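Enquirer: Protein chains in written order, with the numbering used here: chain A, 1 to 478; chain B, 1 to 486.
Don't take every hint at face value.
Unchecked claim - Taking lysine to aspartate or glutamate pairs in the EDC-like style, the calculated list, with each CA pair at most 20 Å apart, reads:
1. B:Lys106 <-> B:Glu47
2. B:Lys377 <-> A:Glu96
3. A:Lys54 <-> A:Glu101
4. A:Lys263 <-> A:Asp363
5. A:Lys473 <-> A:Asp402
6. A:Lys79 <-> B:Asp369
7. A:Lys129 <-> B:Glu337
8. A:Lys79 <-> B:Glu232
9. B:Lys353 <-> A:Asp194
10. A:Lys54 <-> B:Glu232
11. A:Lys390 <-> A:Asp405
12. A:Lys138 <-> B:Glu232
13. A:Lys474 <-> A:Glu423
14. A:Lys170 <-> A:Glu133
15. B:Lys342 <-> A:Glu96
16. A:Lys112 <-> A:Asp300
17. A:Lys444 <-> A:Glu478
18. A:Lys138 <-> B:Glu337
19. A:Lys114 <-> A:Asp85
As the list claims (entries may be wrong) - Pairwise CB distance ranges (calculated):
20. B:Leu381 <-> A:Glu288: 46 to 54 Å
21. B:Glu337 <-> A:Lys214: 39 to 47 Å
22. B:His365 <-> A:Lys170: 31 to 39 Å
23. B:Leu381 <-> A:Leu294: 40 to 48 Å
24. B:Glu337 <-> A:Ser72: 39 to 47 Å
25. A:Gln289 <-> B:Gln239: 50 to 58 Å
26. A:Arg261 <-> B:Leu381: 50 to 58 Å
27. B:Gln64 <-> A:Arg53: 31 to 39 Å
28. B:Met1 <-> A:Ser72: 52 to 60 Å
Derived by calculation from the structure, the hints in this document are not laboratory data.
Bear in mind that the values here come from a model prediction, so they are computed numbers and not experimental data.
Just so it is clear, CB atoms sit at the ideal spot from N, CA and C, and this is done for glycine as well.
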Amino acid sequence: MQWETVIGLEIHVQLATRSKIFSGASVAYGAQPNSQACAVDIALPGVLPVLNRKAVEYAIRFGLAINAAINSPSIFARKNYFYPDLPKGYQISQLERPIVEGGHVTIRTGDKEKTIHLTRAHLEEDAGKSTHEGFHDKTGIDLNRAGTGLLEIVSEPEMRSSTEAVAYAKALHSLVRWIGICDGNMQEGSFRCDANVSVRPAGSDVLGTRCEIKNLNSFRFLERAIDYEVARQIDILESGGSIIQQTRLYDADRDETRSMRSKEDAHDYRYFPDPDLLPVVIPQEWIEQIREKLPELPEDRRNRYIQDFGLSAYDANILTAARELADYFEQAVKHLPEQSKLCANWIMGEVSGRLNKEELEIDRCPVNPEQLAGLLLRITDGTVSGKIAKDVFDSMWQGNGDSADTIIDAKNLRQISDGGEIEKWIDEVLAANQQQVADYRAGKEKAFNSLVGQIMKISKGKANPAQVNTLLKKRLTE
Amino acid sequence: MLNASLRQLSSLLSEKKISSTELTGEFLTRIKALNPDLNAFITVNEEKSLEQARVADEMIASGQSTPLTGIPIAQKDIFCANGWLTTCGSKILSNFISPYDAAVVKQFDQAGMVNLGKTNMDEFAMGSSNETSYYGPVKNPWDRLAVPGGSSGGSACAVAARLAPAATGTDTGGSIRQPAALCGISGIKPTYGLVSRYGMIAFASSLDQAGPMAKSAEDLALLLNVMVGFDERDSTSLQRKKEDYTQSLERSVSGLRIGLPKEFFAEGMSSDVSSAVEAALTEYRKLGATFVEVSLPNSKLAVPVYYVLAPAEASSNLSRFDGVRYGYRATQYTNLEDLYAKTRAEGFGEEVKRRILIGTYVLSHGYYDAYYLQAQKLRRLIAEDFTKAFEQCDLIMGPTSPTVAFNIGEKCDDPIQMYLSDIYTSAASLAGLPGMSIPVGFGNNRRPAGLHIIGNYFREAQMLNVAHCYQQVTNWHELTPLEINR
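Using the sequences provided together with the hints, build the complete structure.
Expert: Structure (structure tokens):
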């Protein structure tokens, strides 16, 4: 039988606010355990939550970026359950009237484009952490993370493969960083995915029983966990079994998912509106102010790059994967308006390659966009060849902010297009390579390239390759 | 001295006829003598109180005093006070020394008042008799066989027995007004949101409201001046212009329209309370007030609605008492689940557990709509009844409690009967309206009866004015229990 996979994602995005969502404690990562947990975070008797305005603003920013509705009033609710890293015995979250409802994002897999609809995005507080290492027979509780603001983003079950799920997760990851509401650091848990996975016979419009997979903290794990889970479910169904609705945990070491709890053990969270927090009324003017400050969104930029700069969809997708990269590109193009394609190629090639190799982000790139544009200008006007340009780029990377021109002059790298000079190198090479000249004349085309290579070599790469070609061909056909 | 009003004490202090240290010492001595039997205080800390008194004396000496500087006040043990044991009447907080001050405690501290100690209360403010306290019942100073009411029973007893010139209370469904009535003192629960709840241990957050308890309306006004104020740490705190509640105390009540809800003057009220209330109304007639019958048709649902909503909120509010971070923890447990179960089974008393169970039930999947949501709708109807009634009258009056104080142990086994003690007070709580109780005489066994005054939102000044006028022509509020006076 043919099976269709159905996937919906719940993504927890840690909001990049300075303080927690209901207290004034810092949210900085990596501090001494429990050093960033104030009276409210540890839930002393009598303390009360106060909503962080910035967290609301960030949620609205996200809602506007995905074309969703912003609910006003929006209501906070308590989700009740006992756990040692949940100090109040309830999590402040949202059930009815989440701050963001609806909206959509576009994902691309290969050359296929698809719209994924979002159900909702709601604000809530993070829990602390329990650690079992280093405490013999005991559990350590670190409440530094408790109360950190989260935006939980829930998609409709519209993805049909792990590839689409990853594309969706990446699109959201890019977007939340783009609009500046999350640092996107997956290792530190700033962006966490849970996947709801089910399968059904192809063509069916009834949803199969789903399992929720928790704890997917990388795109690779997301993909592998879904693939494993889909295979597991198909196996069960094909051998006549049925799927039990349950929560499963992905174990990266063994590359499998295993049952955490089934529906029967599921908590009754006893949600009810939090009486400590009044319904949040969001004035339309505030929404408009936030909308005005919203940066140009990746989708809009991507389309502009294709239309205005004539980039391919592929290039435009890559360049708009992160706002810093796109900004870098636009800065470069600003200094070299006629050569956007060349800028794109260099940024995706030389610049990105070097950044990857040195594990740097684009905003830490030692060569700034103006410098890069200065270098590319010298390629287009024939001052240096592409090959020499790479040497100049290397010097700029190591250097102290010198412009391409300064480096070219200092190292005497200017391309030589003077016919007389090139003729002299041709003479020299032809004299020393009589055999290859004979080979070429006998019809061996390869010999020509070898000759060109040698001419370039003795010119130390400075000879204009196009001119070398023309002049050499002329000499050999004389 | 013991019967002196706050204004009189204030004069004595500012004229340096007495020091705060002497005054505080005098009350501490009284507490030492009478508290072992009355059990009004859970914690007394002479050293801390006297230290505060010394600071107050310095404030007075250096001319930095406020009208209340140097006057002692007893704090209900629901308020966190820095460095003080803060138990909320429960075993589960029997070792909890608060590391911070509640807003209310801080306000009185800044006004230079002296914290005289932490008063006994029903566990987590759940009770109408002070019998649910882990620290034992409080006795009614008018009759030691009787309960003082609850949950602010310790505070009411302390003021009535003159162990303190004033006290703080909190009121969720009647916990200031009912004990004030049963102990023959004055108490006011302001409009919900006027006094910060920060640092006040939550029972039912949408209902809890702090207020003062004292001998007279005038004293209440002085105390309210300190307590009321916006606090950004409490999201339900209201931002309003500061009011001086003493300003209009003397205003004439002639022409005042008093609403008498027919539902409050029907069956249920005992005849002794009824006579005392009627007599008080007669005084008001003499003062020139007029009466109009109003109707609060949904008020009969107030108790059931209250006993759905308050436990629902409580079941969640009390989840933090889990033995993990502070407070009592069971000594023997086998795993996490067992730690929670044993800690809470051993740490909470019967009534608290009953309400946690009720609250958990009404919020459960499948019952939420039928109980919690339905109760919320009725809550709105109850509030709307008041809105309509206030179109016809300025204030509403009735009995605070259907009976005078009952005997200790009398209603312990019958929670429903106990819950009906709040039959007149819980409606105003659900509506968020201000309510107060003033003493208007005695009923059976010479136990005090209280008059309940419900005002419209933010009409505390008017309520205090109306109560003050009554207290200018009567002396119920000045009487003290014979035994106590010896």
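Enquirer: To test your reading of the hints: which numbers does this structure violate?
Expert: Hint check: 4, 5, 8, 9, 12, 14, 15, 19, 20, 21, 25 and 26 fail, others pass.
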